[in-house]
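Chains as they are written, first to last, in our numbering: chain E, 1 to 390; chain G, 1 to 297; chain F, 1 to 357.
Note that these hints are calculated values from the structure, not bench results.
Backbone N, C-alpha and C define an ideal beta-carbon position, used for all residues, glycine too.
Check the hints yourself; a few may be wrong.
[To be verified] For lysine-lysine, the following BS3-like pairs were computed, each having C-alpha atoms within a straight-line distance of at most 27 Å:
#, chain 1, residue 1, chain 2, residue 2
1, E, Lys-259, E, Lys-382
2, G, Lys-30, G, Lys-181
3, E, Lys-150, F, Lys-225
4, F, Lys-225, E, Lys-131
5, E, Lys-199, F, Lys-225
6, E, Lys-131, E, Lys-170
7, G, Lys-284, F, Lys-225
8, E, Lys-150, E, Lys-259
9, E, Lys-174, E, Lys-345
10, E, Lys-131, E, Lys-345
11, E, Lys-208, E, Lys-386
12, E, Lys-150, E, Lys-208
[Unchecked claim] So, partial list: chain F residues that the calculated Cβ filter (under 10 Å) puts toward chain E:
#, residue
13, Gln-29
14, Gly-31
15, Ala-50
16, Ile-53
17, Gly-162
18, Ala-218
19, His-222
20, Thr-223
21, Pro-254
22, Phe-259
23, Gln-318
Here is how the chains run, residue by residue.
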Amino acid sequence: MKLRIPKALAVGAVAAAMLATTTGCGGILGGGGSSSSADTGPIKIAAVIPLSGSSAPTGVYMKNGMQMAVDEINAKGGVLGRQLSLDLEDGACDPTQAAAAANKAVSNGALISVGGYCSGATLPTLPIFNKANIPMIIPAANSQELVNQKLPNVFMINGTGTQQAAAAVKFMVKDGVKSVALVDDNTSYSKDIATETKKDLASDGSVKVALSTSVTAGESDYSSAVHDIMGANPDMLYWTGYYQEGGLIINQLKAAGFKGKIMVADGSVDPSLVKIAGSANAEGVFATMTQTPDTIKGAETWIANYNKKFSSAPGPYSTQSYDAVRVAAEAITQAKGTKGADVIKALEGINGFQIFSGPLKFTPEHTLSSGGFQILVVQGGKFVLKDALS
Amino acid sequence: MTQLVWNGLFVGSFYALIALGYSMVYGIIKLLNFAHGDIYMLGAFVGFAMLTSVGVIPASMSITALLIVLLLCMVVTGGIGVGIEYLAYRPLRNSPRLAVLITAVGASFTLEYGVSAVAGPNPKVFPVRLEGDSFTVLGARISVPQIVLMVIAVLLMLGLNAYIQRTSMGRAMRAIALDTKGSLLMGINVNKVITWTFFIGSALAGAAGVMAGAYYGKIDFLMGFIIGLKAFTAAVIGGIGNIKGAMLGGLLLGLLEAFGSQWLGGEWRDVFTFGVLIAFLTLKPTGLLGERVTERV
Amino acid sequence: MSDNVDTTRAPRRIGKPASRISRLFESRQLGWAAFAIAVLFPFVLASNYAMSIGTTAVIFILLASGLNIVVGYCGLLDLGYIAFMAVGAYTSGIIAKAWELPILFTIPAVVIMCILAGLIIGGPTLRLRSDYLAIVTLGFGEIIRLTANNLAITGGPSGIYGIPGVDLFGLDLSGPVPFYYFCVAVVALMVLGSARLGKSRLGRAWRFVREDEDAAEAMGIHTYKVKLAAYIFGAIWGGIGGVLFAAHLSAISPQSFVFLQSALVLMAVVLGGMGNTRGVVVGAVVISLLPEFLRDMGNLRYVIFGVVLVAVMVLRPQGFWPSRAYEPEKLDEARKGKRDGGPRPGAPVTTAKGGTP
Numbered sequence: 001m002k003l004r005i006p007k008a009l010a011v012g013a014v015a016a017a018m019l020a021t022t023t024g025c026g027g028i029l030g031g032g033g034s035s036s037s038a039d040t041g042p043i044k045i046a047a048v049i050p051l052s053g054s055s056a057p058t059g060v061y062m063k064n065g066m067q068m069a070v071d072e073i074n075a076k077g078g079v080l081g082r083q084l085s086l087d088l089e090d091g092a093c094d095p096t097q098a099a100a101a102a103n104k105a106v107s108n109g110a111l112i113s114v115g116g117y118c119s120g121a122t123l124p125t126l127p128i129f130n131k132a133n134i135p136m137i138i139p140a141a142n143s144q145e146l147v148n149q150k151l152p153n154v155f156m157i158n159g160t161g162t163q164q165a166a167a168a169v170k171f172m173v174k175d176g177v178k179s180v181a182l183v184d185d186n187t188s189y190s191k192d193i194a195t196e197t198k199k200d201l202a203s204d205g206s207v208k209v210a211l212s213t214s215v216t217a218g219e220s221d222y223s224s225a226v227h228d229i230m231g232a233n234p235d236m237l238y239w240t241g242y243y244q245e246g247g248l249i250i251n252q253l254k255a256a257g258f259k260g261k262i263m264v265a266d267g268s269v270d271p272s273l274v275k276i277a278g279s280a281n282a283e284g285v286f287a288t289m290t291q292t293p294d295t296i297k298g299a300e301t302w303i304a305n306y307n308k309k310f311s312s313a314p315g316p317y318s319t320q321s322y323d324a325v326r327v328a329a330e331a332i333t334q335a336k337g338t339k340g341a342d343v344i345k346a347l348e349g350i351n352g353f354q355i356f357s358g359p360l361k362f363t364p365e366h367t368l369s370s371g372g373f374q375i376l377v378v379q380g381g382k383f384v385l386k387d388a389l390s
Numbered sequence: 001m002t003q004l005v006w007n008g009l010f011v012g013s014f015y016a017l018i019a020l021g022y023s024m025v026y027g028i029i030k031l032l033n034f035a036h037g038d039i040y041m042l043g044a045f046v047g048f049a050m051l052t053s054v055g056v057i058p059a060s061m062s063i064t065a066l067l068i069v070l071l072l073c074m075v076v077t078g079g080i081g082v083g084i085e086y087l088a089y090r091p092l093r094n095s096p097r098l099a100v101l102i103t104a105v106g107a108s109f110t111l112e113y114g115v116s117a118v119a120g121p122n123p124k125v126f127p128v129r130l131e132g133d134s135f136t137v138l139g140a141r142i143s144v145p146q147i148v149l150m151v152i153a154v155l156l157m158l159g160l161n162a163y164i165q166r167t168s169m170g171r172a173m174r175a176i177a178l179d180t181k182g183s184l185l186m187g188i189n190v191n192k193v194i195t196w197t198f199f200i201g202s203a204l205a206g207a208a209g210v211m212a213g214a215y216y217g218k219i220d221f222l223m224g225f226i227i228g229l230k231a232f233t234a235a236v237i238g239g240i241g242n243i244k245g246a247m248l249g250g251l252l253l254g255l256l257e258a259f260g261s262q263w264l265g266g267e268w269r270d271v272f273t274f275g276v277l278i279a280f281l282t283l284k285p286t287g288l289l290g291e292r293v294t295e296r297v
Numbered sequence: 001m002s003d004n005v006d007t008t009r010a011p012r013r014i015g016k017p018a019s020r021i022s023r024l025f026e027s028r029q030l031g032w033a034a035f036a037i038a039v040l041f042p043f044v045l046a047s048n049y050a051m052s053i054g055t056t057a058v059i060f061i062l063l064a065s066g067l068n069i070v071v072g073y074c075g076l077l078d079l080g081y082i083a084f085m086a087v088g089a090y091t092s093g094i095i096a097k098a099w100e101l102p103i104l105f106t107i108p109a110v111v112i113m114c115i116l117a118g119l120i121i122g123g124p125t126l127r128l129r130s131d132y133l134a135i136v137t138l139g140f141g142e143i144i145r146l147t148a149n150n151l152a153i154t155g156g157p158s159g160i161y162g163i164p165g166v167d168l169f170g171l172d173l174s175g176p177v178p179f180y181y182f183c184v185a186v187v188a189l190m191v192l193g194s195a196r197l198g199k200s201r202l203g204r205a206w207r208f209v210r211e212d213e214d215a216a217e218a219m220g221i222h223t224y225k226v227k228l229a230a231y232i233f234g235a236i237w238g239g240i241g242g243v244l245f246a247a248h249l250s251a252i253s254p255q256s257f258v259f260l261q262s263a264l265v266l267m268a269v270v271l272g273g274m275g276n277t278r279g280v281v282v283g284a285v286v287i288s289l290l291p292e293f294l295r296d297m298g299n300l301r302y303v304i305f306g307v308v309l310v311a312v313m314v315l316r317p318q319g320f321w322p323s324r325a326y327e328p329e330k331l332d333e334a335r336k337g338k339r340d341g342g343p344r345p346g347a348p349v350t351t352a353k354g355g356t357p
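The whole structure should be built from the sequences, with the hints applied where relevant.
Next comes the structure, spelled out in structure tokens:
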């Protein structure tokens with residue numbers, strides 16, 4: 001049985017190769033592929049974002065932000081005389097589904113991508129868009145791994161994990177914290193921030209890492225982590241995971257009598273954090289966060305428009321998603337066309353285009369020069385600006 | 001140290017409550033009820049629905065309200081457990097075990113994603129929260145809600161034990177566990193007893209769900225999966241099919257986990273737990289209190 | 001995909017003669033027909049998207065046919081099958097990245113690792129009773145995923161990315177259409193292999209063990225070794241599936257190997273018909289494509305899955321397209337009336353008679 005396989009394999013492979021070359025060179029049969037995107041008609045903007053699964057609520061915020069930008073631009077006559085059309089694909093925060101969704105978007109004739117929320121699910125979509133030569137402006141996903149891929153078509157307009165860690169360390173030093181406990185939830189996003197923070201703290205030297213541990217996401221009882229934190233007795237806990245577990249940990253820490261400060265990363269900045277932790281427990285919790293509509297000065301009209309349009313308040317990543325579409329439109333305008341290489345060049349050349357986090361200019365790594373991270377604090381059950389760190 | 005022990009015992013009492021249902025059902029019809037952990041989740045959501053529909057509950061009434069909801073939830077989840085048995089397991093009573101197990105996996109899926117479709121995939125914040133002072137005993141910080149929940153759990157377990165040992169239904173359960181055919185010949189209504197077993201096991205898991213919701217404050221539709229596995233592990237450690245073994249196993253697993261994550265780090269805790277499970281199953285499949293099982297498949 | 005007429009069937013058939021439709025379904029040409037459909041698919045639809053889900057479906061067929069060896073042939077319920085795929089994907093990903101090897105060169109290492117994983121997981125557990133085995137495999141599946149999540153060599157929670165596509169003798173097969181054909185070729189051979197295995201001497205031993213382990217042992221079959229062999233073959237199939245998966249997605253992370261995935265592969269096997277390669281292939285295609293068609297239904301599709309699983313087990317426990325060879329036995333059993341659970345000493349004798357060479 002085993003001996004017969006190689007021969008058969010070879011025969012099969014040759015047959016497959018022959019077929020592949022005939023179909024491959026014969027111009028893709030049955031249409032499809034990115035060739036269908038003509039130079040006239042609407043410009044297709046793709047976004048792979050979570051529309052089902054546990055991250056779906058954020059997906060809605062992102063979707064609305066994008067839709068708002070698209071509608072505004074179209075009302076002004078579109079880009080280069082062409083209307084924009086948004087192609088939303090559900091990535092469900094799952095790598096396999098996101099890859100299929102990205103392929104679907106490419107097949108639908110997308111010219112530029114403005115999606116990407118979960119870093120783990122965004123990673124496999126990068127090569128797909130890269131192969132199709134489609135520029136990506138990632139509004140939310142911000143793991144350092146995305147940068148490490150060094151793909152020319154990938155641009156990130158959210159601060160990276162490294163930048164978030166730097167902001168966290170800056171605030172810790174400023175606040176006079178002497179020792180800190182780092183707890184992550186063992187996901188790509190969370191571990192990234194924790195590792196970078198540890199690195200920055202080591203090079204800074206004035207703050208000691210009293211504890212660095214991971215918990216398992218999706219559980220209820222975090223008493224062992226709480227026990228470790230109480231044992232290490234740090235001045236501050238920095239939780240780098242999401243709000244579901246963050247709320248529970250804050251609650252259980254306070255119940256155990258923790259007196260130190262607590263800071264959370266941007267994945268925990270959600271009204272539910274306060275609800276799960278209990279409003280008394282959450283009071284005074286710090287957070288590292290890029291701008292949210294609530295913390296941006298002069299965003300009141302924008303928020304009002306958003307409220308009117310979707311009859312709900314904007315949430316995390318609404319602004320970044322809105323900006324991603326605007327940046328895409330700007331780049332296409334400057335490139336005077338939708339050819340991938342030209343748009344990428346235009347994106348690299350953007351200098352001073354005004355977005356929520358300030359004038360935009362990409363670093364050679366295609367990230368924001370400053371992450372725009374600031375420190376929020378929970379006051380009266382809401383996240384408000386504490387320190388802009390500038 | 002004492003803190004770790006207390007933490008372990010507290011978590012362990014949840015495991016024990018769920019493990020009881022696993023163990024009872026297994027002892028009586030040799031079925032591994034895979035959906036049992038999801039009954040725990042369902043209990044939490046039923047409690048959530050009841051408390052939300054009632055509206056605002058004054059803080060002074062919260063314990064009373066919670067106890068009433070707890071009892072109601074036990075009835076509802078018990079009924080659902082019976083329903084699952086009737087629809088999914090009873091038709092397969094004489095089928096190979098593989099078929100029944102797959103059915104159980106299917107039932108588990110239906111419950112999980114059914115709840116997610118009805119209540120939405122986002123975690124829910126439980127409307128009533130047990131709050132209370134805490135004090136220190138022998139260096140361990142113990143809070144009043146923890147004690148309340150422990151007392152409820154212990155009462156439920158003692159009640160179950162008395163039921164199994166003292167009542168005629170309990171005797172019938174033990175008889176069926178020993179010899180199904182023999183009990184049938186002795187005039188025991190086997191189907192009725194099995195229905196009761198499912199009812200009691202599911203009610204206990206539902207109670208654990210409500211308690212978890214009230215104590216931790218957050219519930220989500222996948223909360224039953226991991227805890228179901230843990231409870232099974234507890235049942236195996238104690239000796240599956242043995243009621244006291246399930247209680248002992250639950251508490252022991254809680255302790256093992258508390259110390260395991262202390263030694264190995266939080267991220268390795270579940271690896272440690274499943275390692276213990278595998279070690280037990282290979283080295284001492286009868287568990288600590290289980291009797292030798294001669295039957296083979 | 002191949003012909004699956006079971007030559008082990010007892011020469012004297014019990015029950016009605018096969019109807020015309022049954023004969024059509026038993027036809028030897030069906031495998032070729034399925035292969036032809038797979039080959040012609042890109043001529044109908046060749047968009048990246050279609051190729052992507054096509055490739056996913058083909059890889060899924062491979063996984064299902066591998067699990068079929070374990071669950072279908074040998075009757076060992078494995079709830080952590082995706083762990084083998086993880087082992088394969090990670091092994092090939094790590095090696096291909098570390099030494100910059102073409103991904104196909106990692107296959108020997110993958111096979112070795114999978115055999116090892118099969119031995120490690122199967123070794124201590126296969127002596128257990130079947131329902132214990134199910135939970136233990138589930139536990140092992142979680143252990144493998146958590147370990148991949150915790151170790152540095154596996155890239156931690158972000159996993160491994162930038163895995164090269166397939167390159168065959170300098171021929172780049174990483175484009176969507178060529179890679180699809182590559183997968184179809186590999187999977188067709190593997191499926192053929194698993195079908196042949198089912199008919200081999202070992203395959204007959206597996207079926208015998210499934211039907212009655214005690215009787216099998218009494219007939220001189222070393223049941224432990226036979227079960228371990230099923231496990232190892234299943235592991236290899238899963239591992240190759242992992243290699244294709246890694247090459248397809250170019251990035252792997254622990255999130256891809258959760259219990260849900262194991263359950264989906266199991267569903268494909270059960271729905272299609274345990275033990276029948278054709279049924280399993282159809283089941284795999286349905287299970288892997290259905291979510292794409294039900295994309296808008298969100299979580300409801302898993303509810304449907306769950307209900308279908310229960311309904312199939314209750315109403316048609318042998319699956320939609322079961323292995324025909326066992327129907328006579330089923331009839332036989334029905335005639336004798338329902339018996340108590342546990343071992344059924346009488347029933348398998350018919351199989352045993354035919355099964356002895």
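Are the Cα atoms of Lys-208(E) and Lys-386(E) separated by 27 Å or less?
Within the cut-off at roughly 23 Å; holds.
Satisfaction of the Gln-318(F) interface hint, Cβ to chain E closer than 10 Å
27 Å, violated
Taking 27 Å as the top limit, are the C-alpha atoms of Lys-259(E) and Lys-382(E) close enough?
Holds, at roughly 21 Å.
Taken at face value, is the distance from the CA of Lys-345(E) to the CA of Lys-174(E) at most 27 Å?
Violated, at about 39 Å.
Given hint Lys-131(E) paired with Lys-225(F) - CA-CA distance at most 27 Å
47 Å, violated
Closer than 10 Å between Cβ atoms is the bar; does Ala-50(F) clear it against chain E? Give me holds or violated.
The hint holds - Ala-50(F) has a Cβ within 10 Å of chain E, the shortest such distance being about 7 Å.
Using 10 Å as the Cβ threshold, decide whether Gly-162(F) counts as touching chain E.
Cβ of Gly-162(F) sits 7 Å from chain E, so the hint holds.
Can you confirm whether the C-alpha distance between Lys-30(G) and Lys-181(G) stays at or below 27 Å?
14 Å, holds
Can the hint on Pro-254(F) be confirmed by a CB-to-CB distance to chain E that is less than 10 Å?
Cβ of Pro-254(F) sits 9 Å from chain E, so the hint holds.
Hold the hint about Ile-53(F) up to the distance rule: shortest CB distance to chain E must be less than 10 Å.
Because about 6 Å separates Ile-53(F) from the closest Cβ in chain E, which is inside the 10 Å limit, the hint holds.
Minimum beta-carbon distance criterion (10 Å), Phe-259(F) to chain E:
Cβ of Phe-259(F) sits 12 Å from chain E, so the hint is violated.
For a C-alpha distance cap of 27 Å, please report whether Lys-150(E) and Lys-225(F) respect it.
49 Å, violated
Going down the numbered hints, you'll see the structure goes against 3, 4, 5, 6, 8, 9, 12, 13, 14, 18, 19, 20, 22, 23, while the others check out.
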